[in-house]
Each structure stands twice: as C-alpha cells, then as structure tokens.
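So the protein lines, in turn, are chains A and U.
Letter by letter, the first sequence follows residues 22 to 471 of my numbering.
Letter by letter, the second sequence follows residues 22 to 471 of my numbering.
The set of hints was computed from the structure by calculation and includes no laboratory data.
None of the values given here were measured: they were computed from a predicted structure.
Among the clues, some could well be false.
Claimed, not checked - Using 25 Å as the maximum straight-line C-alpha spacing, the simulated SDA-like pairs for lysine to any residue come out as follows:
(1) A:Lys73 / U:Leu33
(2) A:Lys73 / U:Leu126
(3) A:Lys73 / U:Glu122
(4) U:Lys73 / A:Ala255
(5) U:Lys73 / A:Glu122
(6) A:Lys73 / U:Ser449
(7) A:Lys73 / U:Ala255
(8) U:Lys269 / U:Ile352
(9) U:Lys73 / A:Pro451
(10) A:Lys269 / A:Pro186
Unchecked claim - Derived contacts from chain A toward chain U, CB cut-off under 8 Å, selection only:
(11) Pro58
(12) Ala110
(13) Glu145
(14) Gly253
(15) Arg447
(16) Arg448
As the list claims (entries may be wrong) - Simulated restraints, written as ranges between beta carbons of each label pair:
(17) A:Asn23 / U:Arg264: 33 to 39 Å
(18) A:Pro186 / U:Asp341: 50 to 56 Å
(19) A:Thr403 / U:Pro53: 53 to 59 Å
(20) A:Pro114 / U:Thr471: 51 to 57 Å
(21) U:Asn76 / A:Ala300: 26 to 32 Å
(22) A:Asn23 / U:Glu266: 54 to 60 Å
(23) A:Ser98 / U:Ala299: 15 to 21 Å
(24) U:Pro186 / A:Glu297: 30 to 36 Å
(25) U:Lys269 / A:Leu183: 54 to 60 Å
(26) A:Ser181 / U:Pro186: 33 to 39 Å
(27) U:Asp341 / A:Leu24: 37 to 43 Å
(28) U:Asp341 / A:His184: 50 to 56 Å
(29) A:Glu297 / U:His452: 51 to 57 Å
Glycine included, C-beta positions come from ideal geometry on N, C-alpha and C.
Number of protein chains: 2
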Amino acid sequence: MNLIAPPDYMFLAMESREHPMHVGGLELFTPPHGSGPDFARNLYESLLAEPKVANMFRRRVGSAMATPRALTWTDDSDVDLSYHVRLSALPRPGRIRELLETVSLWHGSLLDRHRPLWEINIVEGLEDGRFAVYTKIHHALADGVSALKLLQNSLVTDPSELHVPSFFAPRNTSDRPGSRSAFSAIRTAAKLSLDTAGIIPHAGRIGFKAALAEQVPLPLRAPRSMFNVPIGGARRFAGQSWRIERLKTVSTALDCTLNDVVLGMCSGALRSYLLEQAALPEKPLISLVPVSLRQTGANGSNAVGAVLASLGTHKADPLDRMQEITRTIAIAKEMMGGLSQLQALALSAAFVSPFAISSITGVSQAVPPTFNVVISNVPGPTQPLYWNGARLDGIYPASIVMDGLALNITLTSNADNIDFGLIGCRRSVPHLQRLLLHLESALQDLERAT
Amino acid sequence: MNLIAPPDYMFLAMESREHPMHVGGLELFTPPHGSGPDFARNLYESLLAEPKVANMFRRRVGSAMATPRALTWTDDSDVDLSYHVRLSALPRPGRIRELLETVSLWHGSLLDRHRPLWEINIVEGLEDGRFAVYTKIHHALADGVSALKLLQNSLVTDPSELHVPSFFAPRNTSDRPGSRSAFSAIRTAAKLSLDTAGIIPHAGRIGFKAALAEQVPLPLRAPRSMFNVPIGGARRFAGQSWRIERLKTVSTALDCTLNDVVLGMCSGALRSYLLEQAALPEKPLISLVPVSLRQTGANGSNAVGAVLASLGTHKADPLDRMQEITRTIAIAKEMMGGLSQLQALALSAAFVSPFAISSITGVSQAVPPTFNVVISNVPGPTQPLYWNGARLDGIYPASIVMDGLALNITLTSNADNIDFGLIGCRRSVPHLQRLLLHLESALQDLERAT
C-alpha cells in the first residue's frame, strides 16, 4: 500500500464529471510504403501482446470507497490490456474533421478509477491511408509534458527499427539502444512540468499566503471574457501543424523569439474568433505562459513558473500586437529574474490558485480572472520519429480545461513542424475548429507585415 | 423550473462513476436494396437536421451545483444535436465482435449532466453492409421498456415509408399514421416499467418496512455467486437473436410458457459459464423475473412486480432444470395472485431494496443476495419494422448492473425473433460473450431433450 502523494492526490480529489483531470495526445502516422490494410490492426495486436506492463501503468486508486484523504495507489496485478488498448475506426469519409470530432468525444469522458488510469486508441479509416493514435493518461500519473514524452517512448529515429516495446512496457533508461537518443533532452527533464494543471498543486501548497507574504504584485489585469466561465464536461478538440520555418522567418524579421511568434499567432486567431463571436473585450486578453525556471539540485529536475503576457487583442494591426506581446513578456521575465525561486514559484502559484479553488468550490464567477487563456509550449522531438516504420506526422497535445479557463492551447515541436493542440469546453467555446483557420490567417498576416 | 420527481431523482442521486444509470439499446439494420455507401451517413444527417426536439429530450438537470435534494429539470433551449447524435465506424474487419466491443465501451461511460441525458450513435463499417444504432438514455428520463419503445418511434411497418420524424422529435400519439400501429400495445403501456432498476424507486418508497408489516415471506434463498459482488464502472455487452419458432417448439413439447423456455436457456447457459469459471454454486441460482401486475385505473398504466425463480443450475439434466423453473415460477405466481397489489409491490420492493441500499452505501458484501441475476423479458414489435426503408434485424437491450448484481439479461421480441441483450461488469463477469454460445447450446440441449 502506497499513499498517493499530495500533488497527485489533488488531481484525483479535484476531478469531477465536469472536470476530467486527464491529459491526452493525438498522434498522426503515415504507414511505411507498401504496408497492407492491416498495419494498424497489427500494431494494435502487438500492443495487446505486450507481456509486461510498467509499474506506473499498473497503478490504480486503492479504494474509491476510502475516505478521500487516504487514497492509496495499489498495484493492479491483472491489467486487462483489452480494456486499455483499443482499436477504432472513423466514419466515412474519414477526414481530419471526423478524427477531431471523435477525439473530442473521447477527451470528455472520465477514466475508470477502478483501473489503471490510462487508455490508448488506435484509429484507422482515415481517407488518406494514415492512422492516428489517441492516448489519455490521468494527471495523477503524469503531467502533460511527461505524458507526451511517454508516448514517444516507443518511437525511434530509425524507420527500419521494428518491434520497439510499447510505451507502457517496463523500460530502463540505461538499456535503451542508441538510436533512441534523439529526444534524450526531453527524457532527462523527467520532472519538468510545463502545463498549467501541473502548477496547481504548487498553488495549493504555496498559494496565496506565500504570494501575499512576498508582496508580489500582479502586473496585468485581465478582462472578463467568454473563456472565463464555468465549464461543462464535454470537450471540443482541434489540432494542426505549421512549418517551423515559417515562424522562424517572422521571428528573425522581428528580432523576437519563436515563442513570441506563437503568441502572435494565437493573438491574431483569438481576436478574429472573438470578433466573430461578437465577444472581443475592450481590454487585451492576458495569456498565462508557463516557463521553465532555473535548474535545481543534482537530480536535474526543473521548477516550473509562469509569466503573464498581454496578447494585445484590442489592437487591429498584427505588428502592434507583436509589440505588446514582446514588451509584456520582457517585463515579466525581468520581474521573474529578480525573484528568488520561492518568490517565482509563489508568483506562479498566485496566478493559478484561483482556479484551483474555483474548481473545487464552483465560485469562479465571483473571482475576476487573473488571465484569460493558457498558451503552453512544450518541447518535442527535433528529428523525424517512427513507430514500427510508420512516420510520425504530428503530435497534438490535448490538455485540461477548468472552471474559469475554458480554452487551452498547447503546442509542441515535432521535427520541422510546430503542432498545435486546442482543447475547449464544448459549450463555452463553440466552433473551436475555426481557431485553426484563424491561426493560419494570423501567421499569414505576420508574414505579410514583416 | 421543475423539481425532479422522487423516482427519477433517485436515479440521478444513485448514479456514480461505477454505477451509470442509463439504459441503452443496440439495433441492427439492413439497408434497402440498392442503397449506396452513404445510407448511414444520410440517416445521420437527417437526424442532425431535425428541426424540433421533444420536451423530454430537451430536459437537463437544473444545477449540478445545487444541493442534491433540490435538483430540477430545466429546459435546454439550445440543444446541440451534433453532441447527442453521432456517426461512428467499426475497425476492420467490422464483425459483430467489433460492434459489441465498441458498444461495451460506450455503455460504460457516463452521460454528461450538463446536457439533456441521451445520445444516439449510428455505426457504419459492418463487414456485411449492415449498420447499427446504439442509443443511451438516462433512466431518470425513461426506464428500459420506455426507452426501447422510444427507439421504435421512428420505425414503421411499411418499408416504402420514408422521412419519418426521428425518435427525439415532438410527436402526438393521435396524429400518427395508421401504418405505425403495429406496436400500439406497447405504446399504450407507456408507464409500464419491467426492468429491475425501475422497481428500485418503489423499493425506496415502499421498502422493507411495508414488506415486514405485510409479513411477506421470501420463498427462496440465493447462494453467493460471482455475480453478486461490488462492480466497477466498465461494462461488457453482448447480444444475439434466436428464432421464436425454436423456443415455441420446446414450450409446446414441455407444456410451459415461452418465458419458461427463456429461463431454461439462461439456466443452461449460466451453468456452463459458471462451470467454465469454476464458480458454480452448490445451490441453484435464483433469478429475479420482473412481471406485469394487473391493470390499474383508466390511464392504462401497469404496476410492476417481480417474482423469484430458481434456475436449477445445480442440476446437470436440462429437463430437471426446466422442472425446477416451472415449479418455482408457479409457486411464485400463486403467491403473487393471493396478494393485494400493495402487498405484491411490497414483495417486489423487498426483493430489490437491498440493492438500492447497497448502491448508495457500498455495503453489498454484507447483505446476502436475495437473487443472483435478473432475467427480464420486454415486449417488442411483433411485425418487421423499417427505418427509412432499412429493415430492423435486431434490438438488443443494454440495461443497468449494480453492486451485488453484476449481470443483467434482458430480452425482447422482434417480429420472428427473440433478441437477447447481456450486460455485465467488465471486471466481475469475464468473457461475457461466451454466454451467447452457451445460450445456443442450452437451446440445442432442450431441443434434443424434447
């Protein structure tokens, strides 16, 4: 018996029908040339035949009946892989649209607490012959960054390398073949947690009290927006890839970071979307941008912070918006640089703690938002990766939304691409997929302007 | 605002992650001759285009945040049909096996309480060119019998009749075309509730107290069995059709009712299954068999009762088992016949009330089972039915399982067939689909013996 540690426990305690606390990812693959129609099914069957399941994927919550303050992890000695590993298909015509619709529904349903808290779904029936993989892992097992990293455990840089153990198989970092070192930078950052939900336990422990004691000022004031409302349990998911090269050209022209360009794309897209919805606030939207703080200690773990950036959505000109973004990011980073790590953590905690509270008490409407949206940039693989010869075309993160935070934008690099994953409350954020069109237009606007 | 009536309220209050309180049904259809590959998609789109949604399908729970004793129904003025109506596909090869696996997963996930409590999923990709429809309705909206009836609202006896309003469209009994009178007997029995879960609210209201006051003896004692354990949230579903003619031949030879033969099939199948699992109790399994009591009042509503029948599973000979079934059913009916309606209801309530209690408190392991399994026979259509020209080949009910009651067998007539729907807790009832093979063997045994 193994008491669940407080941060992980919080994700279980906070979870409700309306607030599933799992993270997910959608991966798109092109099967190797000449492979038959059973390629996806064969992968599915190879997962089912995996002889061993790693400890973290065998863990389940000890007793749903126990008092909520004493949840334990127990080892599920008899993991039913046919429950956790699934094979599905898209309805005709099998476009990306049908895929996103399907993933939206899956991401809105709760994991079964009587079982280890993960699922993987291999999806065939895409009209272009590709296949997809949707994975869902409870945040009590892994935060968003670790989850994405875990998914990549069975991927290799060599397309001819077959029969790599599945991501849920036991593995030892020291006995990996060298061909898998492409993303060792990610692996060594095992405790890196850049997603917002990952900050919340810190908020719970450090919270307002520390922030107040430190007298840390909140530098920006967020307007109320359609994204800062109580949410329902259903989700809408959308994802798309952009060539990094296009963003790099803009960042070079503007002498800003790649992430500033990402924020600029989001800014333009959110402005267009809010105008369409007749819901653009007069004041600019404020984005929470998780950042990695300095390294702490010999174990290589990173502390996680977050800065607030104005997205300048009140301005019509894309370059004016970029200016506001780079300016507020610079202020935030300077402020963060002048803080001790505890202060930085406390500041980050203060940003997100209203959400931790509102998720439990449902009072979010009474708390003015500290920020309007989370835009999280997670490091991904830098080289093309393969799964049993199938090329990974995209990894689209599906994160967590909460009361008061109905939209989350998480992106990750993948070889020559940046892959965006958008997740929203289905009721509060209608036509979420239109944000993809607006992201493309916003990038085009920046390209034209520079 | 509209307070939710106590019986319906109970299904909401009792519901938890492990105890979804929805009923479902799987329907199989053969598209009309010469229809193209888009037949299922066209049906899906015609459902999405339905201009109006009937009151009961617009209702949602007023406030999930309200105190649990004051839930209300509110009218959802903006029903998002694209959430409730879904189009899916089976993975290759698209056998019935893949269909049942998919429905098993769907039946284990909770409906979203922020929305009207129903879903319909049209499934294409069956290898034989047929398509399927899985529907899920919360028991607070409709009990199992009414739900099956509702599904049939858009079905007609005339294969050339097209564009019948969908089952969730508003309709008025008096303005139906005459061609839909095939199952008017079902429709007039609108308040008939023959599924076990439907009895539980009566148990809550009448309960043990009445049963004790009436001094009603419990005639049979059930053994502990693998079916009478706490359950998890995941489900396994299986369904299959049998020709009524085959059962009729047996019932004529044995001079018993068709339902006795159904119980005989279940008896043989459960015995074989439990032997395989090395879990056959020494004493015979006891089945709860919901029955309709006499008519009450002018509105044509029926009261619902239940009798206990021994399934004789301790006996190896199929005719010995049939004898035990018919004998105990006769005793139960005789006893029921000598009771007032209140007594009969109280008796039925006493049978099921331990489950109502155990579902809330989780104490089922301390309460010895009153019965081991529910076998519920629900009247269905007596003539072949069609949906926009597609022939209904089968209706397989998916009911509710509970703590202490991990297996439910519900069957319904459909023209010349009897369609069995089996639902079980995925963890407690492994290899549920083997019961289908055993049901066929059990029927063959009875055919050989008579």
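Checked hints:
no.	hint	verdict
1	A:Lys73 / U:Leu33	violated, 40 Å
2	A:Lys73 / U:Leu126	holds, 24 Å
3	A:Lys73 / U:Glu122	holds, 23 Å
4	U:Lys73 / A:Ala255	holds, 22 Å
5	U:Lys73 / A:Glu122	holds, 23 Å
6	A:Lys73 / U:Ser449	holds, 23 Å
7	A:Lys73 / U:Ala255	holds, 22 Å
8	U:Lys269 / U:Ile352	holds, 23 Å
9	U:Lys73 / A:Pro451	holds, 21 Å
10	A:Lys269 / A:Pro186	violated, 35 Å
11	Pro58	holds, 7 Å
12	Ala110	holds, 4 Å
13	Glu145	holds, 6 Å
14	Gly253	holds, 3 Å
15	Arg447	holds, 6 Å
16	Arg448	holds, 7 Å
17	A:Asn23 / U:Arg264: 33 to 39 Å	violated, 54 Å
18	A:Pro186 / U:Asp341: 50 to 56 Å	holds, 53 Å
19	A:Thr403 / U:Pro53: 53 to 59 Å	holds, 54 Å
20	A:Pro114 / U:Thr471: 51 to 57 Å	holds, 53 Å
21	U:Asn76 / A:Ala300: 26 to 32 Å	holds, 30 Å
22	A:Asn23 / U:Glu266: 54 to 60 Å	holds, 58 Å
23	A:Ser98 / U:Ala299: 15 to 21 Å	holds, 19 Å
24	U:Pro186 / A:Glu297: 30 to 36 Å	holds, 33 Å
25	U:Lys269 / A:Leu183: 54 to 60 Å	holds, 57 Å
26	A:Ser181 / U:Pro186: 33 to 39 Å	violated, 57 Å
27	U:Asp341 / A:Leu24: 37 to 43 Å	violated, 54 Å
28	U:Asp341 / A:His184: 50 to 56 Å	holds, 54 Å
29	A:Glu297 / U:His452: 51 to 57 Å	holds, 52 Å
Going through the hint list in order, the structure does not satisfy hints 1, 10, 17, 26 and 27.
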